[in-house]
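K.L.:
Per the working numbering, the sequence shown runs over residues 3 to 428.
Rather than coming from a laboratory, the hints here were simulated on the basis of the structure.
Please note that the accuracy of each hint is not assured.
[Claimed, not checked] Derived DSSO-like pairs (lysine-lysine); straight-line CA-CA distance at most 30 angstroms:
(1) K186 x K50
(2) K334 x K368
(3) K384 x K199
(4) K384 x K196
(5) K223 x K87
(6) K376 x K182
(7) K215 x K70
(8) K50 x K87
(9) K162 x K215
(10) K271 x K215
(11) K234 x K199
(12) K384 x K223
(13) K186 x K228
(14) K87 x K271
(15) K260 x K77
(16) K368 x K321
(17) K321 x K260
(18) K234 x K70
(19) K271 x K258
(20) K182 x K384
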Amino acid sequence: KSFESFLATMSSDSEEDQEEEQEQDISSQEVVTKYRLAGDIVNRSLQKVIAECRPGALVVALCDLGDKAIVDETKVVYTKTKIEKGVASPLVEKGVAFPTCVSVNNCVGHYSPLASESTLTLNAGDIVKIDCGCHIDGFIAVAATTIVCGQDPNQPVTGKAADVIMAAWNAGEAALRLVKPGNKNTQVTAAIEKIAKEYGVNAVEGVLSHQMKRFVIDASKVIMNKTTVDQKVDEVTFEPNDVYHIDIVMTSGDGKTKELGDERTTVYKRAVDQNYNLKMKASRHLLNLVNTNFPALPFTLRAVGDEKIGRLGVVECVKHELLHPYPVLFEKPGECVARFAYTVLLMPTGPLKLPCPQLVRVKSEKQIQDAELKALVFSAVKKGGKKKKKASKGKAKEGEGMEDDEEEGGDAGETSKASADAMDTS
């Protein structure tokens, strides 16, 4: 979808277009199928990256692997084309909705470096946060997970790394049960902050969970990871057919992040409401590439092809607010940071969590003591649904990470069928 056609789609206000837009939410089974397929692709892409997270692995290669996995999978679904001005183009747009980022240790997020600038490799014991996103016809699924590089599968993660991982995971579980029609975003934020205190860690400031719409990864409704005097958002109520990207980030530090001067921002998103006549040739070339290939969703400068053009052209584009940057953020050195994220659809039957990787084996010495909070985290997601499996024999029953039943993600077992159905769908 080119920048011009994207704007035309977004600005259309005819009665027919409004009716079509009303059908483009999860009240349509076709839309749900597209979300499920995007979620499946994200999950498999994350699993491929996880499998390669070994000591010595080059981080930029891991980022490329995740993006390539998404591109390769989306190429073989919804394959019918249309002819415009004698040129064949996909009938259904699909591809990367957020580039793969691999953020290590105290790096909070958005690390997706240029191949020409990064030689960072993983070491045993590194806390690795991996995130990416995929869209099918503009319907977006995003997810993030946290692993420990080189972890012995027979030995759980312990110490402060275990504390932040368990806090982030259980905060995500609480959010899944609170993001339902009639509840408010402030309820979710309060639960996240309470769980952080239970584990003696902090929620990272400035992290937002966004409502998502077709081709919009950051719609107006948001949930804060943590409220501060300077950072607040409007209270909103969740509604049927809403779709959210739930993003939880916990740290053993104070939760305040900063940019480091030697780490280049490489992830950007086109600011669709901004225009400017750029002066530099490199800037105009970059913007043309963005308008053609990434008119609405985030991208990495690696994806524009020529990294030199990207480095030169992005400066003027950002200066005139044509591109929105996603800066690489860091906690203090030595602190542990964990992140889990997923996409949830507010279906009539209850929240539908799209699939994402399971929790690694973790054993924290700390547990949720608040009875009401514990009941929330370990309750069924849907009415009549099964509760979480109890820890298997020999494992800690609460402080240690355990695998969930698939229905905790909201019928996740059906997603493979959605993938198969889409293979021949136009």
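K.L.:
Now, for every hint given, state plainly whether the structure supports it.
P.N.:
Cross-check of the supplied hints:
1. K186 x K50: Given that 30 angstroms is the threshold and the Cα spacing comes to 36 angstroms, the pair is violated.
2. K334 x K368: holds (23 angstroms)
3. K384 x K199: Answer holds: K384 to K199 is near 27 angstroms, not above 30 angstroms.
4. K384 x K196: holds (23 angstroms)
5. K223 x K87: Distance of about 39 angstroms is beyond 30 angstroms: violated.
6. K376 x K182: It holds: about 19 angstroms lies between the C-alpha atoms, which stays within 30 angstroms.
7. K215 x K70: Holds - the C-alpha atoms of K70 and K215 are around 24 angstroms apart, at most 30 angstroms.
8. K50 x K87: Since the Cα atoms of K50 and K87 sit roughly 38 angstroms apart, the hinted pair is violated (cutoff 30 angstroms).
9. K162 x K215: Cα-Cα ~36 angstroms, so violated.
10. K271 x K215: Roughly 15 angstroms separates the two Cα atoms, so the pair holds.
11. K234 x K199: holds (20 angstroms)
12. K384 x K223: Satisfied, since the Cα-Cα distance of roughly 23 angstroms is no more than 30 angstroms.
13. K186 x K228: holds (15 angstroms)
14. K87 x K271: Answer holds: K87 to K271 is near 28 angstroms, not above 30 angstroms.
15. K260 x K77: violated (38 angstroms)
16. K368 x K321: violated (46 angstroms)
17. K321 x K260: Roughly 20 angstroms separates the two Cα atoms, so the pair holds.
18. K234 x K70: It is violated: about 37 angstroms lies between the C-alpha atoms, which goes past 30 angstroms.
19. K271 x K258: holds (24 angstroms)
20. K182 x K384: holds (10 angstroms)
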